[in-house]
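Q: One-letter residues, chain by chain:
There are 2 protein chains.
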Amino acid sequence: MKIVFLGSGNVATNMSIAMQNAGHAVMQIYNHRIESAKLLAEELKCSYTDQLTDISVQAEVYVISVKDDVIEELAKQLSISGKVVVHTAGSVPMEALSAATTNFGVLYPLQTFTKGRLLDFKTIPLFVEAADERTLAIIKELANTISSSVKEADFEQRKILHLSAVLACNFVNHLYDLSQDLLKVYQLDFDALRPLVLETALKVQKMNPHEGQTGPARRNDQLVIAKHLQLLSNNVPLKNIYTILTDSIVKSYQ
Amino acid sequence: MKIVFLGSGNVATNMSIAMQNAGHAVMQIYNHRIESAKLLAEELKCSYTDQLTDISVQAEVYVISVKDDVIEELAKQLSISGKVVVHTAGSVPMEALSAATTNFGVLYPLQTFTKGRLLDFKTIPLFVEAADERTLAIIKELANTISSSVKEADFEQRKILHLSAVLACNFVNHLYDLSQDLLKVYQLDFDALRPLVLETALKVQKMNPHEGQTGPARRNDQLVIAKHLQLLSNNVPLKNIYTILTDSIVKSYQ
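Going down the list, the protein sequences come from chains H and D.
Read left to right, the first sequence gives residues 1 to 254 (UniProt numbering).
Read left to right, the second sequence gives residues 1 to 254 (UniProt numbering).
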């Protein structure tokens, strides 16, 4: 398929490269910051623009991968009625695209994309939704060429998938960050935690996290918990996080 | 070296097998529950007992790997003075072993051990400490045969390592568990999150978690945060966890 990307951030970069690798023609990259559009376009060897009026009308699918709160505004400024237009956001309804076309939909990848890390798209779950059956068929066809895990999800489900991803990824990464901060104060290196971090994630690839839970809160070991709270007595924010998560674990195994 | 294990739980199982594989003679397993001792002893093809009076005096090193709060009590009942005795706990001082011998120390593996998962010990960081230089040398020699990452750490450092492991492993796993609970309510499967969980851990194997942070809180995207809080309006405990971690991320990037 002929595809135009609006946006050139981490999601757009990963997804456009995956689509090109799957044999699609990524024709053009739009970004209101021309340098960002250029960077991705050079990677893809395609054209680029920072002008909405210069966006090609030759493509079949337009992928909008910009910040949540500008998706609707951007869609309003597009003149591509009759084309398939999708966004890639977890928490935005597909109707945000209705000003651009009647053939709108969603192509939501449930993954964290980071600058400089190109992921294997095949394993990334893609959740799709569309305004009509024909559009859904086109989005699914496209999605199936880049991922082996394509499922339909309505807006309610997609919002929950996004929220659960925040818990299992964004909050998790912040706990890694808090651990590193804590270790630094005692001249200890985060390297020591890396095998533990990896094993914790590997473990739940095959088992249920509820069964895999370990640690003082799981054993309701109040002696160790009291020692940890003592160590955190000068760090009230972290002490509060420790308390709320420990209580949650203890309750969950009562 | 000739080694006796007191305890036959997840840590003892993983560590004794690693020591045997490294060429040491694991002579005996003690557990007050004979069935548990027997299970590990059969794996190792060694003897076992549930009687402290039957513990062999022929070993050079005794590894105590039992619940934190019974380590000291167990050490008091041992008649192995002159032998090297270590425990494997993060939050217990080595002096808890002083009733058993003068040659006490610690061999603390920074990893999560789970029933049925045998890990490659080579990559597991081991933190050691001992009452005297000779004991330290013996513990280090033993540790180096099973892991390529052996470091000294005093009690203060070991407690912080344990605390940081609680954040980066136990709390992280609980967030996986909370995500699964949330998905279940909407007939969604945790399978959808597994690639994300793995990528989040893989990412910080090479990069700093602070740089790798993504998500609405990192962008201070108050619209999405408000939507998520709305979704959690009937789940006060999870709403509180969401709020405290989101606030912590927002503050950390201000």
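Any given hint could be a false lead.
Identical copies carry no separate label here, and so any pair may be met within one copy or between two of them.
[What the hints assert, rightly or not] With a straight-line Cα cutoff of 25 Å, these simulated SDA-like cross-link-like pairs (lysine to any residue) come out: (1) K38 - R134; (2) K115 - N240; (3) K67 - L231; (4) K67 - P93.
Hint data in this document are derived by calculation from the structure and do not stem from the laboratory.
Being a predicted model, the structure only gives us computed values, none of them experimental.
Q: Against this structure, judge whether each hint is valid.
A: Here's how the hints hold up against the structure:
With identical chains, the CA atoms of K38 and R134 are never at most 25 Å apart, being 33 Å at best within one copy and 64 Å at best between copies. Taking CA atoms no more than 25 Å apart as the test, K115 paired with N240 passes in neither setting, with 32 Å inside one copy and 31 Å between copies. In this homomeric assembly, K67 and L231 come within 25 Å of each other (Cα to Cα) only across copies, at 21 Å, whereas the closest approach inside a single copy is 40 Å. Taking the closest pair of Cα atoms, K67 and P93 come within 25 Å of each other only inside a single copy of the chain (14 Å); across copies the shortest separation is 51 Å, beyond that limit.
Checked against the numbered hints given earlier, this structure breaks hints 1, 2; the rest are met.
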